[in-house]
Structures are given as C-alpha cells and as structure tokens.
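A.B. asks: As you go down the protein sequences, you meet chains C and P in turn.
Going by the numbering used here, the first sequence opens with residue 970, and the numbers climb by one from there.
Going by the numbering used here, the second sequence opens with residue 970, and the numbers climb by one from there.
Think of the hints as simulated: they come from the structure by calculation, not from any bench.
Hints may be right or wrong, so weigh each one.
Which copy? The list can't say, so a pair holds if one copy fits it or any two copies do.
[As the list claims (entries may be wrong)] Here are the computed lysine-lysine pairs in the PhoX-like style, where the Cα-Cα straight-line distance is at most 25 angstroms:
{"no.": "1", "residue 1": "K1007", "residue 2": "K1173"}
{"no.": "2", "residue 1": "K1096", "residue 2": "K1179"}
{"no.": "3", "residue 1": "K1007", "residue 2": "K1179"}
{"no.": "4", "residue 1": "K1179", "residue 2": "K1058"}
Remember, predicted model here, so these are calculated numbers, not experimental data.
Protein chains: 2
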Amino acid sequence: MTPASTTLVTDALNWRYATKKFDASKRIPADTWSALEKALVLSPSTMGLQPWKFVVVQDAAVRKRLSAASWGQSQPVDCSHFVVFAGRKGLDTTDIERHLARTAEVRGTTRESLTGFAEMLHGGTEKSRKAGVLDFWMAHQVYIALGMFITAASVLGIDTCPMEGFEPAQYNEILGLSAMGYGALCACAAGYRAGDDKYATLPKVRFRPKDVIVHV
Amino acid sequence: MTPASTTLVTDALNWRYATKKFDASKRIPADTWSALEKALVLSPSTMGLQPWKFVVVQDAAVRKRLSAASWGQSQPVDCSHFVVFAGRKGLDTTDIERHLARTAEVRGTTRESLTGFAEMLHGGTEKSRKAGVLDFWMAHQVYIALGMFITAASVLGIDTCPMEGFEPAQYNEILGLSAMGYGALCACAAGYRAGDDKYATLPKVRFRPKDVIVHV
Chain C
970 MTPASTTLVT DALNWRYATK KFDASKRIPA DTWSALEKAL VLSPSTMGLQ
1020 PWKFVVVQDA AVRKRLSAAS WGQSQPVDCS HFVVFAGRKG LDTTDIERHL
1070 ARTAEVRGTT RESLTGFAEM LHGGTEKSRK AGVLDFWMAH QVYIALGMFI
1120 TAASVLGIDT CPMEGFEPAQ YNEILGLSAM GYGALCACAA GYRAGDDKYA
1170 TLPKVRFRPK DVIVHV
Chain P
970 MTPASTTLVT DALNWRYATK KFDASKRIPA DTWSALEKAL VLSPSTMGLQ
1020 PWKFVVVQDA AVRKRLSAAS WGQSQPVDCS HFVVFAGRKG LDTTDIERHL
1070 ARTAEVRGTT RESLTGFAEM LHGGTEKSRK AGVLDFWMAH QVYIALGMFI
1120 TAASVLGIDT CPMEGFEPAQ YNEILGLSAM GYGALCACAA GYRAGDDKYA
1170 TLPKVRFRPK DVIVHV
C-alpha cells in the first residue's frame, strides 16, 4: 500500500464543500464510481453488522420525485450519482444469522465455531432493543459510511453534497425502503460542481481547532 | 487539487481493518497527525453545527483508565494516538448563536444578515428536541467525522480501530465530558498494526455488493 501525501488529503478536504449546484452535463467515470461503491461496501460497522442499504438512483423520473421530496433542491436531479443511505429498522435474529453465515463463508469456518460471537451479537442488540435505541445505534453506523463516501470522493476529486433535508417518509415510499425494513437517513449527491456555484468560493465555516479538539 | 488514483483509495480501504494489536513503539509523525486533526475539524455536519468534541488522549495514566473502561482492551494504551468522539447533549441556543457568530466572523458578515439561517437552525433543532431525538441526530453527525477520520487515516497508511466497546459513563467521567455538556459516543485508536496482529490477515467480512447496494 503506497499512502497518499498529507498535502493531497488536506487539499482534498479543503477543496470539498457541500455542492449546491452540480454540472448536470458531467458524469463520474465508471472506474471512479466503482471505487466509491467499494468504499461504501468496505465501510466498517459495529460488530460488522452492516445494517444498511445504499440506493444508487440513476432513473431520471425517480430522481425528479426525490428532488420534490427534498423541498425542490436540485442536487438529486443534477448530480452524476445520487445515493440514498438507509438504515435497518428493527434489526433482528435474521440479520444476525445472515451476518454469521457470511462470516463463516468468508472465513472458511462453521456457524458452530462462532457461538461466542453470536452471543455477543444477540446480547448486544437485545440490550439496545429493550432500551428502545437499537434503530439509532444502527443509524450511527450508516453515518460512518457517509463519512467514508465523502472523504473517498473528495480524495478522488469528486464533489459531494451530503443531505438530510428531505422527507424520509416520502423517500421510503418512493424507493420502497419501508417494505424492505429500512429507512432513509441521509443522502449524498456526487458529481462535479457547476462553474457558477456561488457556494464553491465561500470561506468554509468551522470552529477553531482549539474549540473542537481537546488534548489530554 | 490533484486527485488520488482509484487504485490508491481502493487499496487503502482493503488494507485497513479494525486493528486489535498496535505496535506500541511506533508513533504517527507530527505532520501526518496534523492532517488527521484537520480531517476532524473539516468534517461536515448538519447545518454546519459541529456538535462535537474530539478528545485526543496522550496522557499514559488516562489511557490506562480508558483501557480499563473498555473491558481491558489494549488499543487505548498501545496505539499512537487515541481519539474519543463526543457528541453534544442538549444542544441549545448557546450552540446555535456560537455557530452564527462564527459564520458571521468567517464570512465577514453580520449576525443580523443571518436571520433566515438562524430561524432554520432554531426551528430545526427545536422540532427534534420536542420529538426527543435531538441528541441522536447530533450523534449521527459525530459518526460522519469518525468515517472521515478512518478513511483519511487509511489513505495516509495509518491503522485505526474504531471502538464502541466501552463504558460511556466511565469515559465521560474520566475525561470530564459530562460537565462540558458532551457525551462519549465512540473512539478511534490510530497508529501502526503490530507485526503479529492475527486479525490483520483475516479475510474481510462484507456482504456481497448486490446485497447492500441497490440500483434504481
């Protein structure tokens, strides 16, 4: 693994901003998009549960409906690739067993040999379910994937706009997510900034490092 | 901005894994660490609120206590840099006004000119507070920063171990987070894998792309 330079990473993160206006004529090349889908798939999650679906929307009519469900924002329509990040609702034994089966398959072992891990998965999620916070916990994981996606994109020179400004219930209905047991949490438009997006040149608003980073 | 190659990004994300055993003798160089702190500071968040504190723990005695509060896991002690990700609890008018003041300062404008934005911030957070989900919403943002940190680190050749396996109440007490109005959500150890970490060579367990990515 040949690492990138610190300059490349810092430049990329300073270069990125929440793109409000995409150049609708530009498309992300297939190999770059493939790398971004890999970043989604490779995102880490609590106990490896991957409680998510990433919906990549290319259909123009569906994109138009998503834009309408996002207070008319243009990013869902104008970007190159639009991804809806959905989290598992009511994660249950089926999900856990699916994860255990996949673990056994990938690692060339048996479900029986994973009993300790299985107990951890069942016990941990059951405790959260009883406390009424299981869906929130799983939702946290989905945002790790969002952070990975934004970062990978910026390092690859791809603009993004992470979005929470939409009606989740409408997104769920349009994409059939509820029926799958998932719920839209956030979305990310990806592509190329329009030459005249006035937000591109606004100074980035961040608190001073000393106000967010505490050294102990 | 000169982007990285897709190969570099994909290789980095395949190379990374949740490092269980760090080489305690190796330290992340200052310029690399500085880039990682910048990644934290530059993380995006809903409406730019940055509802977080990132606690970088270098004190050996504190690290030992955090390890004890993490069921004895060794990463907090053996890694080069240990970061605790804390989210704002009960975000209120003070936070919003601090963000507005910073926005006015960075963009060279006045608080008065930001009235529309202020209404959006107050209205949006008030709605969540009433629904009892404000802290969860803010917590989501913290996980974006975790995803950014992990990705930036891997691209820079730095190993990480994201962790939720600890007693948040103990972390909060050890780091004085509750008094600051924040709560520990997750942590991330960063550094270099030990040569004999057996987890380094285990095949990565992920569902097949078709099971997590939906194309519409």
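A.B. asks: Take the hints in turn and mark each one as holding or not.
C.D. replies: Hints, one by one, checked against the model:
{"no.": "1", "hint": "K1007 to K1173", "in the structure": "between (29 angstroms within a copy, 13 angstroms between copies)"}
{"no.": "2", "hint": "K1096 to K1179", "in the structure": "neither (37 angstroms within a copy, 30 angstroms between copies)"}
{"no.": "3", "hint": "K1007 to K1179", "in the structure": "between (34 angstroms within a copy, 11 angstroms between copies)"}
{"no.": "4", "hint": "K1179 to K1058", "in the structure": "between (37 angstroms within a copy, 19 angstroms between copies)"}
The structure fails hint 2 only (numbered hints given earlier).
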